[in-house]
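S.K.: Read off the chains here:
2 protein chains.
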Amino acid sequence: MLAPYRGFIMDLDGTIYNGKEVIKESADFVHALADRQIPYMFLTNNSSRTPTEIADKLKRMNVPATSEHIYTSSLAMAAYVRAYWHWPLHAYVIGSRGLVSALEEIEVHFTDRNPDVVIVGIDRFFTYEKLATAQAALFNGATLLATNADNAIPTEDGYMPGNGSIVAAIAKASGSPPMFVGKPEQWIVEQSLSILKTAKAETLLIGDNYDTDMLAGIRAGVPTLHVDTGVTRAASLAGKGEQPTFSIAKLDASLLDR
Amino acid sequence: MLAPYRGFIMDLDGTIYNGKEVIKESADFVHALADRQIPYMFLTNNSSRTPTEIADKLKRMNVPATSEHIYTSSLAMAAYVRAYWHWPLHAYVIGSRGLVSALEEIEVHFTDRNPDVVIVGIDRFFTYEKLATAQAALFNGATLLATNADNAIPTEDGYMPGNGSIVAAIAKASGSPPMFVGKPEQWIVEQSLSILKTAKAETLLIGDNYDTDMLAGIRAGVPTLHVDTGVTRAASLAGKGEQPTFSIAKLDASLLDR
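Chains A and B are the protein sequences, given in the same order. The first sequence begins at 1 in our numbering and counts up by one. The second sequence begins at 1001 in our numbering and counts up by one.
Among the clues, some could well be false.
Here chain A is said to cover these stretches of chain B; the calculated rule only asks that three of the stretch's residues, wherever they fall, bring their Cβ under 8 angstroms from a Cβ of chain A [claimed, not checked]:
(1) 1112 to 1125
(2) 1163 to 1174
Cβ pair distances, simulated, as ranges [as the list claims (entries may be wrong)]:
(3) G158(A) x E1202(B): 54 to 64 angstroms
(4) E156(A) x P1039(B): 50 to 60 angstroms
(5) A1235(B) x R219(A): 38 to 48 angstroms
Chain A is faced by these chain B residues, among others (derived, beta-carbon under 7 angstroms) [unchecked claim]:
(6) Y1128
(7) L1131
(8) A1132
(9) Q1135
(10) N1151
(11) A1152
(12) M1160
It is worth saying that the hints were derived from the structure and are not from the lab. Glycine residues also receive a C-beta, built at the ideal position from the N, C-alpha and C atoms.
Hey, can you work out the whole structure from these sequences and the hints?
M.R.: Okay, here's the thing in C-alpha cells:
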C-alpha cells in the first residue's frame, strides 16, 4: 500500500511516541525507512525544543534520527520571516528555546520596544506582563506571527495549554489577527518538501491529528495517512471534512512492501 | 431632556474620569444628582477593585460616592453564583482583590483541585501556570464563568489587556465556552436596577462605550445616554447597530432641569 511513496513526512507526538512512551510499531517503521534509505523527516508543531533536542529524544527511544530529520514550526517561522520580511528584522518574541534559537540563527534582533513583528510560540513562562508588552507593540503597528494554533498539547505531564491559547489572548487584547506558519498551514508542508526533495504526489504525510496533520496534507495536496494512536480517533474521523488518503490502526513496516 | 428620569446608572472610566483625570462636567452632574437626592449608582466592569477602593478614588476626585453607590462585575458574579449555583461552591479563582473579596463575602470555597467552577476576572499576575490549572479544572468538568469580556481596558498607565483576553486563552485551551456576567449582559443591569429600586423606563444608563454600556442598556430595555468622552467616539456611533436613546458630547447638570 505504501510501496509507491518515495518520501515520508511524519508527525511526532501521537504518531511516533505518546509523551515518554515510544510506539513500537512506529519505531520499527522508521527503522525500515532508514534501512531502505527512503528519505524521511519528522514535522512537528512543537516550537519549544531545538531539532537537536528532539533528535536526542528520538535516539533515546531507539528511533533513528539526526537533527537534519527534524523540521519544527520554529524553523518554519525562521524560514518565513527570512523569505518575506525586510532586514534587519526587530521582533518581540514570546516563546521557548526552540523558537529563540531558530530566530537567533538567522540574526533576528530581539527587542520589546517598537518591534516590526511579535512572534509567538508556546511559552510555559507566559505572563500578563508579556501579554501587555505584545499588546502595546501591536497597537503600535507590529504584525502578529505565530508558530502554530494548537489549543491544547499532549506533553509528558498530560494535556497542557497550547500556543493557540496564548495567541488567542494576544489577538483579543490587541485586535490583531494572527498569521500562523505551523500545520495545518500549507507553508510548513512546502518547506518540508523542499528539504526532503520529493514531489508532492510521491510523498506521504503521516499523523494522528486530523486538524493539524491531515488538514496540512490535504491543503498542500500531499497524500495523507491517518494513524489511530493519538488525538483524532478513527471513530471520529468520518465526522471530519475531506478524508485522508489512508487510515490505519498503527504504522506497520510491512506496508512498505505492498 | 433628562428631567423625566428617576434613577441614573453611570459607567466610570471614560464617563466620570479618564484614568487619573476627573471629567469636570461629569463630577458636576453627579453633584447635581446628589443635591437633588436623585438615586444614582456607578456600574463598572472593572473587577479588580473593591467598592470601597473605587468610592475612595471618586471622593479624591470630588465626586460624591460611598461604597453603596458602586456595583462591579465582581459583585454581579457573586450575586450570580449565589443565585444559580448549589452550595457549598468550590471555585478556582483567577482575579484580583475586588473579585476575591466579593466571593469571600459569600463564602465561596477557593481551591485549585476539582472545583465546580472556574471564575475569571482581570489578573495582572496571570501566568501560564494559572492557565494550565484552569484548563485541567475545565477538562475535569468545571464550568467557566467570567466577570466580563473587555479585550482591552483603559488604565492609569494607558490601555492594558482586559479580562476578555485572559478568558480567550482559557476558553481556547479548554474548549469551554465562557459565561459572562458584566456589561453588556442583561444580568448586571437587572441587578443594578434591583438595588437602585427604579423601573426600567425611568432609569437612564450613561456610558462612553457602545459595546459594553450602550449595549447593556439596549439589551435590558433601559434608556441609554452616550457621552463622547471615552472609548466609542460620536463619529463612529452611527456605524453601530441599535442606537442609544441619546448621545451628547459631555454630561451637563443643566440637562436635569430640561
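S.K.: Give a verdict on every hint.
M.R.: Going down the list of hints, with the structure as the test:
Under a criterion of three residues with beta carbons nearer than 8 angstroms to beta carbons of chain A, the stated coverage of the region 1112 to 1125 of chain B is upheld, 3 such residues being counted. Counting residues of the region 1163 to 1174 of chain B whose C-beta lies closer than 8 angstroms to any C-beta of chain A gives 10; at least three are required, and the coverage claim holds. Range check, G158(A) to E1202(B): about 55 angstroms between beta-carbon atoms, so the 54 to 64 angstroms window is met. A C-beta distance of roughly 59 angstroms is found between E156(A) and P1039(B), which places it inside the suggested range of 50 to 60 angstroms.
Look at A1235(B) against R219(A): about 41 angstroms separates their beta carbons, and that is inside 38 to 48 angstroms. Annotation: interface hint on Y1128(B) holds; nearest CB of chain A at approximately 4 angstroms, less than 7 angstroms. Among the interface hints, the one on L1131(B) holds; its C-beta lies about 5 angstroms from the nearest C-beta in chain A, closer than the 7 angstroms criterion. Look at A1132(B): its Cβ gets to within about 5 angstroms of chain A, closer than 7 angstroms, so that hint holds up.
Interface hint at Q1135(B): satisfied, since its Cβ lies 5 angstroms from the closest Cβ of chain A, which is below the 7 angstroms cut-off. Look at N1151(B): its Cβ gets to within about 5 angstroms of chain A, closer than 7 angstroms, so that hint holds up. Using the Cβ-Cβ criterion of 7 angstroms, the hint placing A1152(B) at the interface with chain A is satisfied: the shortest such distance is roughly 6 angstroms. Below 7 angstroms, beta-carbon pairs count as interface contacts, and M1160(B) has one with chain A at about 5 angstroms; its hint therefore holds.
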